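If you read the protein sequences in the order shown, they are chains A, B and C.
Position 4, counted from 1, in the first sequence is what my numbering calls 484; the numbers after and before it change by one each time, with no gaps.
Position 131, counted from 1, in the second sequence is what my numbering calls 425; the numbers after and before it change by one each time, with no gaps.
Position 32, counted from 1, in the third sequence is what my numbering calls 110; the numbers after and before it change by one each time, with no gaps.
No wet-lab data here; the hints were simulated from the structure.
Computed from a predicted model, the values in this text were never measured in an experiment.
Among the clues, some could well be false.
Capping the alpha-carbon separation at 25 angstroms, the derived lysine-lysine pairs in DSS-like fashion look like this [what the hints assert, rightly or not]:
| no. | chain 1 | residue 1 | chain 2 | residue 2 |
| --- | --- | --- | --- | --- |
| 1 | C | K647 | C | K103 |
| 2 | A | K632 | C | K787 |
| 3 | B | K342 | A | K632 |
| 4 | B | K370 | A | K539 |
| 5 | B | K342 | A | K556 |
| 6 | B | K384 | A | K539 |
| 7 | A | K539 | A | K556 |
| 8 | A | K482 | A | K539 |
| 9 | A | K539 | B | K355 |
| 10 | A | K615 | B | K370 |
| 11 | C | K216 | C | K360 |
| 12 | A | K777 | C | K486 |
| 13 | A | K619 | B | K371 |
| 14 | B | K384 | A | K583 |
| 15 | B | K384 | B | K370 |
| 16 | C | K675 | A | K632 |
| 17 | A | K502 | A | K619 |
| 18 | A | K482 | B | K342 |
| 19 | A | K556 | A | K583 |
| 20 | A | K632 | C | K486 |
| 21 | B | K384 | B | K342 |
| 22 | A | K556 | A | K502 |
| 23 | C | K605 | C | K675 |
| 24 | A | K482 | A | K556 |
| 25 | A | K556 | A | K511 |
| 26 | A | K511 | B | K371 |
| 27 | A | K615 | A | K583 |
| 28 | A | K511 | B | K384 |
| 29 | B | K384 | B | K355 |
| 30 | C | K605 | A | K583 |
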Amino acid sequence: MKDFEYIQPETVEAATAALATKENADWATAKARVFGGGQDLLGEMKTGLEEPSALVNVKWIQGLGGVTQADGGNLKFGATTKLRALEGLFSSGAFQVLSEAAKTIGSPQIRTQATLAGNLCQRPRCLYYRRPEAKCLKKGGDECFAYGGYNKFNAILGGGPSYIVHPSDMGPALMALDAQIEISDSKGTTEMALDDFFTLPSDGDVTRENVLRPDQVVISLRTGLDTPSEWRSTYLKFQERDGFDFALSAVALSLRVQNGAITDARIVLGGVAPRPWRCREAEQLLLGSMEAASLAKRGAAAADAALLGAEPLEHNAYKVPLTKGLLQRALRQLTA
Amino acid sequence: MLAMSTPISLELSINDDRVRASVPAHWTLLELLRYELGLTGTKQGCDKGDCGACTVLIDGKPQLSCLILAANAEGKKVQTIEGLQPAHRKAGGVGLDPVQDAFDRCGALQCGFCQSGMMLSARALLNENPTPDRTEIRQALSGNLCRCTGYTQIVQAVELAIAESTGAEPESPSWSDGNPWKSTTSLSGKNGGDA
Amino acid sequence: MSTTPQQNADELAWPAPEKRRSIGKDTRRIDGPAKVTGMARYSHDVRLPGMVYARFVTCALPAAAIELDLTAALAVPGVVEVVRVVGDSTLYLGQPIAAVTAETPEAAAEGARAVAVTLTELPWAVTAEQSLAPDAPKVNPRGNIGRERTQEEGDIEAGFAASDAIVEATYTIPIQHHSCLETHGMVVDYRGGDSAVIHGSVQGTFALLDGPPDSLGLDASMVEGDVQHMGGGFGSKFGIGIEGKIACEIAKRLGRPVHLMMDRETEFHASGNRSGNSVTIKAGASKDGVIQALVADSNKLGGLSGGSYAGLPYVYSVANFSSTSRSVYTNTDGNRAFRAPGHPQASFGMESLIDELAYAIGKDLVEMRLANLPDDEQHSVWRRQLRRVADEIGWNEHPYKSAPGPHKVEGGREYVEGIGFGISVWGGGGYPSCEVEARVDREGSLIVSVGVQDLGTGSRTLVAMVAADEFGLEVHQVTARIGNTRFGNGVMSGGSVTTASLAPAVKDASNKMRAALIALVATNTGKDASALSFADGGVIVGDGLRVSWRDACALCPAGGLTTHGVFQKALQSSGVHGAQAARVRIDLVTGEVKVLKMVAIHDMGIALNPMAVRSQIQGAMVQAVSYALFEERLIDADLGIALNPNFESYRLANVHSIPEMTVIIDDEDGRGVIGIGEPPAIPGIGAIAGAIQNACGVRVRDMPLSPTKILIGLEELRRS
């Protein structure tokens, strides 16, 4: 890969100061990149998709990693928390979805190094995006080659004009817990719903998957559930090659159960849309009793509702039954 | 804030040796090991994190040396395949590290190119969990590709290393009538021990 | 002193099982310790003073006129030279067009990226459809369709008339990559002067003398080739390739050692592959299961090469058939040999067809196969083997024998299991090639040398085992020296010929040495040589007397004894039958195929090292799992660009994908040694495809048998 300046700040302020150049206010001109685990970025640099002139390594900034308690039983995760650390944290309860999602990511080697924020901010795995010779929409070109090309792995929901799918597993998992994301730049810190962090290609900048600017640093992720102790959650991911692959489809499901009834739910899909895909209408259909037959019926209705707007491309129609099936399986497992 | 310009001066521990090196910022740890230090037991299979042949232990945990900047290993304790046996001996052991010995005895290798990474992934697992079950073994090895062996002997080797370290009788693999580990017609465990 | 005593034909035979010491027994690799400690040196690991590193720049299109501007690349710090390695235009996707040489591999890679390439697209074809289109560009100057062959027997019309069911189907199989963990390449140790040493990752040590001397402008006798360890070949590493030729040329120009190992992406583009195939079949069977007629038409998709296909009917006996195959050329890298070339492709179509016919007439899948394997001498082996794997896989207790299992999620059922079968045929015999030297000195060293290479199959260990057994020594008492052109000629490892070519020659050399040592002892003790024999590492003289190995060796002249062995036909044989069965579990929700268990039985005469044999067979079965379920080279047919030249999206099976595997080494049948590298790689994909249909009724006719296709198939079944 191309040589670069390696900057290793010890504080968030120092990091954002290093990033706060004029050219770094815009992705089109940005020369510096925030560097965390580097498990995606180094790959992009090796293939020439990214050629930053400076890397700002945030991994050694004190206090940017680790898990702390937040309001009302919620949790706050530092941006550089390693995926490996999340794997074994939760085996039940509201946050189980996080450990289950973390376990499905990459290989053990990758999880050792990869960070939570890096997983949210990683770039698409679209076969065309990853080929330097294909100057696609995502790379400033004027065509999404997957749309009329080989699109087995591409979007069935929310696509257009780009049809990438978002590769993150932690994104759907965190959104199923109403997570907030904290972001800093040289002017200060802001927090927003993770739901608002991710963008669709039709929202604005088709070359990006979220609102983060190149001069900003992700600081933390905080869950935002009302009374987490009443919630339970799970993550089901289906990958073509077990043990080390990206999702063909994934479902993050969380349920609030009070007095034996589902009173609130979150359904967030991964691997099917250009961003983690929340299914609000379907969530409402899940509310009600925990009686198995009724739940199965509502689960089927919710699955249909979740995929109602699906527009499969030539090679990815399988994602519709797959996602419906995964959602119902997740519901069965979470209510068993 | 510490701003560095290339080349970067590094100090790290590799196989318990204190190593000072000066490398460009964009060099990976794999390049430092293979092309600067001559530690070629760490293999270069794909150079992008897909095959696991370049796996090393950093502070005891498995990582891909092709996806780590050398600069990022500053101050870390790196262990490569070359360091496995010395570390075992330093800790009072004899012969090979039990993982290496088991891989050898089980024939858990053909061409051997994936082996260093495979064994280090196994070693990392056993460091953390001395008695993993088969599912945990598979999870630990899921990032290491092997094109030759079919993996079965590899899993059996890890299970043999576990059984012996806990003093248990290793389970006989499905293909064996008796207990192949006790075979007198194979080379004895001792002879294979010294490379 | 060189001795070649009279050959005693009686003695040159493999000992009876009870007289074997290491052969026939699980024997650890003698290079195991070197490999597990990371000390084994592969070509990729060779480091030499003043060595430079070279990398290729490849063509991003299937065919293009090439203009290069090397200015920027030459300006990259550390870059030593950049050369064009192609003529005016390219012929295949990913063809190397320039080589960049630098002081470090990093600088070479950076230099390669800095080469400014202007491609002017030329007409191309990357799919069979494009190549066969009326206005297709000429991929091959002699036409896009290569030699067409038709084989015919019997009366097809009568066969169809006698059929109770007819199946028409097209089975396709994508191009598969060898995916050697060590990429292709070599290190050329040339520093000016009149000699060179070449360390190559090749399947034939002596391939390193085929080309390099010319490229280096050296006398062949002054070039040494060395292959101590190599990281997998599977058929793709017979020659030195363009990478070897260019490496030598760079070394010659610079007078410096050159390290040119392909990067992974170039490896995918330009190091060969297993040809794809598409076969359209119409076949009919009568109610008794006999295939009455078969008409097959197949396209071999080998890129610029012809592809390979074993033809139909594969193994099974069909009285009335017509089988046509032809090569269809495309602007992609040519196919090379790959573990039983052409056989898995033929097996996939044949076994799939048999399953479909069986279901059409409601016949048990095993009975259907037996109905097409006559009870004669040759076919009876398969009949026996098929029954054996059926027993082992649990066919007798299996509920879905003549109709597939359920395809609906209902009653809490989300998974369903099925079983499938496949059979195979291969040669595996040896031929005169290896020239083995055995040498004993007065101190008792026994050194056996031959230039043959070890791909990881264990040929180095085999040399020591065979020699050790001849004298009743332990394996570790023998030093095996292989993998160098300074030693006697070695066979190339391909076609499963290595063991059957090598072991007889090693035995021959050892046998002669045995006779020579016995002659010395006889002279020394005044006994008749015919009364003496080797046992337990010594010479039995008689009367309770025994001369130890060391004492016997001490009788050698000062220069030791040397014998030479060559191929001995009687010690080997040819012809490997095989049958495999697979049990899969289908997840009806996701379409996931989990291969739960595979059983393999193959016959190979004497299995010299069962541990190595099992490893070959298990490795082949997992390659079949990988091939069946995951592997597929993808090229965008409109853009002509490669979509997955990497291990992320060209998926290989990992440790999660492996089934429980039962390997049955078939009983010895009195034959000599036979190679086993390729045959077990044949039947697995057909067995897995069959097991999928058996489980849930979905017949996926185009590999890979992805969950995505199974899901669509399940949807269609539910609708119908």
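**Study point:** Unsatisfied constraints (hint numbers, rising)
**Key:** 5, 6, 10, 11, 13, 14, 16, 21, 22, 23, 24, 25, 26, 27, 28, 30
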